[in-house]
Every structure is written in C-alpha cells, then in structure tokens.
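Chains as they are written, first to last, in my numbering: chain A, 65 to 360; chain B, 483 to 617.
These are computed hints drawn from the structure, not numbers from a lab. Among these hints, one or two may not hold up.
Stated by the list, open to error - Under the rule of at most 27 Å between Cα atoms (straight-line distance), these lysine-lysine pairs were calculated in the DSS-like manner:
| hint | chain 1 | residue 1 | chain 2 | residue 2 |
| --- | --- | --- | --- | --- |
| 1 | A | Lys-116 | A | Lys-158 |
| 2 | A | Lys-340 | B | Lys-577 |
| 3 | B | Lys-561 | A | Lys-340 |
| 4 | B | Lys-574 | A | Lys-340 |
| 5 | A | Lys-67 | A | Lys-158 |
| 6 | B | Lys-577 | B | Lys-590 |
| 7 | B | Lys-570 | A | Lys-340 |
| 8 | A | Lys-72 | A | Lys-104 |
| 9 | B | Lys-525 | B | Lys-590 |
| 10 | A | Lys-266 | A | Lys-246 |
| 11 | A | Lys-254 | A | Lys-273 |
| 12 | A | Lys-290 | A | Lys-250 |
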Amino acid sequence: MIKIDGEKIRQLRERQGLTQLYMATVVEVTTDTISRWENKRYPTIKEENGEKLAEALGVSLEDILLIETAPPDTTGEQNDLKSSAKVKNYRSRKTLTWVFGFVFLLLLGATAVYMYMKQATLYAIAAERIMPLSTLPNSPFPVVIEIRHSGTDPVSIIVKDTLPEGSEILEVSPVEGSSVQKNEVKWIRKLTETTRFSYLVKISGDAEKHFFSGEISTSKREETFKISGIQSIDAGLFHWADSNSDNSISDQEILTVFDYYSGIDDFTVDIEFIEKMWLGSSYSWDRDNQQILISP
Amino acid sequence: MITSHVHNTICFLWVILFFFLTALPAATAQPVRAVYQSVANSKAVFLVEVGNPAPASLIIQHFHPQESRLIGTSPRADKIDDQSGNAKWFLKNVKAGIYPFSLSFNRKVAPETLRLIIRYREPQTGSFQEIVMRP
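Chain B with its partners taken away, still in its complex shape:
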C-alpha cells in the first residue's frame, strides 16, 4: 500500500519535471534567428527568421571589411557606412516569417570577414536583445 503511494508520488513528480523541462526551451527560445544562406564571390545572402510573437521592430546591422565597398543591398539599407564597413536596416511593424537580405560588394569578400547583429526588444518582457551571427 505504502509502496504504491510512493510509486505514484514519484511518477507524479517525474511528470511535473518533464513538463517543466519541455516547456522551458519554448519559454526561453529567441523569437528572432538568422543564418547566412550563401557567401560567394562578391555576394552575401542571409535570412532572418522571425517567430511568434514577433518584436514590433528590428534593427539589422551587417558588417563587412572596410576595403570592400557595398554597391547594392536588397531590401535597400536605411544606412550604409563604407568607411566603418557596415549597413543598417530598420524593420518596422514586423510580422512572423522569413526575411531574405542580399548584399553585393565591389570585390570578393571572405566569409570570415562578415558579421551580422540583430537588435530588438523582446516582445513579452521588453528586454533589449542582441544576436550576433557569422557565416
């Protein structure tokens, strides 16, 4: 009788622990992710994936070598600074989905020289988040 009670209690605690552990990654999962799709010759393409709930706005800052000049971006960057080697996008009224970005340079760029930073406010807590990504 007592053994059965102990058994049931232990099972119950395991179930609680299981739910807690499985719910935890979902609660702490980042709503924004990014990945470089390709870096070939003078072109780089990266994807930004926005989950639900989506942040209201995002700032994407892409860094490239100072000796390379950015000759085109899609979508058009809000700010390009070739002197310090970076381009910025300010995305407003963001919705969940995948956003592709491409950059064309005047010369071949090495993947290891590229870097990407995404900044946003976490929609549920309002805390400022910064994600750094490399190819």
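With the rest of the complex left out, here is chain A:
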C-alpha cells in the first residue's frame, strides 16, 4: 500500500482536461473511488492502482506519492531529506522485488537444468563396433562391440549384430547371455559400466565387401540404437591386423591389435602368430595352400 497526494492528483487531472470517468476507466475503479482519492487529502491505495493512476496522468509514481511536510520545528533541509528518503525507500523496495524475482527464476532454471542432467546421467549409452577393415578369405578375425554406459543406473540391454552371408561365428565373449544363430549373434545383459561384447568370425564367399549391421535395445524407454563404428570389411589378400594393407605388420599395427583385441576373456585371437608377422620383414598370402608365408 502507498500513500498518495489527492490534491496533486486533482491538479494534474484538471490541468490535462481529464475527467474522473476517464481516470476511473483507466485505473479500473469507480468514479466514486477517484473522487474519494482526490478529496481525501492523503489516501492510502494499492501500489498497482497508484501505478495505473500515474500512467493515466502521464507522470511517474514518485510524482503523486505523498511527500510529508516537515513539522514546524524542523528545517527545510531535514524535510527534503525525509521526502527523498521515502522515495528512495520505495525505489529500493521495487528493486528488491526485481532482484528476488530474478533470483527465483534463476533457481527455477538451475533446478530444471539439474533435473535434466540427472536424468541424462542416469541413462547414457553409446555402442560402437571395432573391427578390422580387411581380412583374408576364410581367415578368422575379431569383432568387438563396445557399449559405453556412462550413466549411474544399471540398464538391461539386448545387443544384436547381424553378419554378412557366408559368415561363421567361431567364438563369442562373454559366453554367458549369448546366443548364436545363422548370421546373427545376440547378448542379453544388465549393464552397469562400459562393456565389450566380442566374437571371432570367418567369412567365405566371393564378395569383395561384406556388411555388418547391429542394434542395441534397452529396457529404458524401449529405445533402440544402431551400432556405430566400422560397418564393413574387405575380403582380399591382407591379414586383418595389417590395417594399411602393405604386407607387413608395423609397430603401430601390433600395438593396436594388442590394445583392442588381446584382452578379450575366453577368446583366442592368435596374437603370437601376429607377433611373428611383426618380427618378420613382410608376409604374403599363399592362395593355393591357404596359408600365410612370413619373410624373415
């Protein structure tokens, strides 16, 4: 509630040739109310009505607020100070309201962001297929599907990878929860952390390029994700560990083989043979005898 100067309001209204009816319409009160405000010397009214009144008169709210006259024994300077303090007090209250409003909105926004982030943290999954780019015909090579689970909640998943025609799955890891059908391997598992699903496969057939496709289904939100990463492999004259197809295993290639494929449990990737290829100067594929020849 604020105290206004009724006399001043009347003067301002009459000076602008405005009627009490006009004022009543703008402020959304009755003409009787306007009359009462003008006739009563210092009426107390709602702040929002005061703002509408000031707007109708084309002045600021401070201009129609009561400026109390000083008592007879005070100096004019003190009187000015008191009046100015009242206006300042009103302004600071208004500023405070804005500040509180702003802080409230900020907290509301922060809470919304926190809830969103928390939801995202509970559940964040990505799947990538890691496998060589080329292989020898009928020669086993490893495929790793890495499911990155960076959330905090466990999630049940089904991993399904569909292999090209002419594929033969030789080993899978982990064996628990896995099922192998023709050209398809599946795992069902509860995931609590980043996990690797692997299989050893060989492909026969005359095609030069063989395509893989896979997806992850989750218990949460009944979502399905495509497995990203390498989607095809070339069948040719190069061993799967020879990623740059130069008929030799470089330091970088043996390190990659060891880092990506050697740590798979219950899984036989022939690292020792690849080491022999690395120790040799080069290798070649003997198509007739279906074997790799290593040059010293």
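Given the coordinates of chain A, work out where chain B should sit on it, guided by the hints.
Same frame as chain A, but now just chain B:
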C-alpha cells in the same frame, strides 16, 4: 560494496585459472619416459619409467651404429637387426614402474651414436605416441 564484489570476482577467476593451469600439466603429462643411465665403453643402460595409467603394451626400439654388433641384451630383445643397427622389445601387459634395459656391444660405442624410440598407444585417448630419447 561494488569494489568488494569486483575484488571477489577477480579472486574467484584467479583461483579458477590457477586450478586450470596446475591441472593442465597432469592431463598432458606423458605416461612413459626414458633416460639413459650410463653409456660406458661397450655397454649402455637405459631406464623406462611407466606411469599410471599404464599403456597396455610398449614397443622399445634401440638404435646403435651399424659397425657395432649387439652381443647381449637384458631383457632379451624380441628382434635384433645388426645390419640396420637396431634392437626391438615388445612389452605386453605393462604395469606402472621402472624397467631397466642394458645392451652389450662388441666394441666401444659413443653416446652420441645411440638413440631410443618408444612407441605406445596413449591409454586414455588411444592415440599413437612416439618418444625419442638420446643419451
């Protein structure tokens, strides 16, 4: 009042900057280092220090002059090629720690003719790293 706010803000920014700068070297520090301990007469000894997290595997390649012949290494090198003058070790399932290597030659070797290269995949990013070291 305003001065105090500005002061606090500046202090806060300095603290953030300090943490960022002090954390940066740790984040970019190499997990593998090497140093020659001694090169005297016909023997060279170097140490490889592996930090945490350790790479899964390491390849160490040591180069020596072609006119010198390598007569012994410890641990035993996986590959020795005296014609091009180098020896290679492939370390698997590497753990953090210090690994000493020694090489014995058939003649005296000058320190400036020796060189060492360590290759590994950075454990956190998977990027291929190569470190070159000389005595």
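Hint by hint, here is what the structure shows:
Taking the CA atoms of A:Lys-116 and A:Lys-158, the gap is about 16 Å. The hint holds against a cut of 27 Å. As the CA atoms of A:Lys-340 and B:Lys-577 are separated by approximately 24 Å, the hinted pair is consistent with the 27 Å bound. For the hint pairing B:Lys-561 with A:Lys-340, the CA-to-CA distance comes to about 10 Å; that is within 27 Å, so the pair holds. Restraint check for B:Lys-574 and A:Lys-340: the C-alpha separation of about 15 Å stays at or below 27 Å, so the hint holds.
This hinted pair checks out: A:Lys-67 and A:Lys-158 have alpha carbons roughly 15 Å apart, not beyond 27 Å. Between the alpha carbons of B:Lys-577 and B:Lys-590 the distance comes to roughly 33 Å, so the proposed pair goes past 27 Å and is violated. For the hint pairing B:Lys-570 with A:Lys-340, the CA-to-CA distance comes to about 13 Å; that is within 27 Å, so the pair holds. For the proposed pair A:Lys-72 and A:Lys-104, the alpha carbon gap of about 11 Å is at most 27 Å, so the pair holds.
Between B:Lys-525 and B:Lys-590 the alpha-carbon distance is near 8 Å, which keeps this suggested pair within the 27 Å criterion. Using a Cα cut-off of 27 Å, the hinted pair A:Lys-266 and A:Lys-246 holds, with the two alpha carbons roughly 13 Å apart. For the hint linking A:Lys-254 to A:Lys-273, the alpha-carbon distance of about 34 Å lies beyond 27 Å, and the restraint is violated. Only pairs whose Cα atoms come within 27 Å are accepted, and A:Lys-290 paired with A:Lys-250 is accepted, the gap being roughly 14 Å.
In this structure, the earlier hints numbered 6 and 11 are contradicted, and the remaining ones agree with it.
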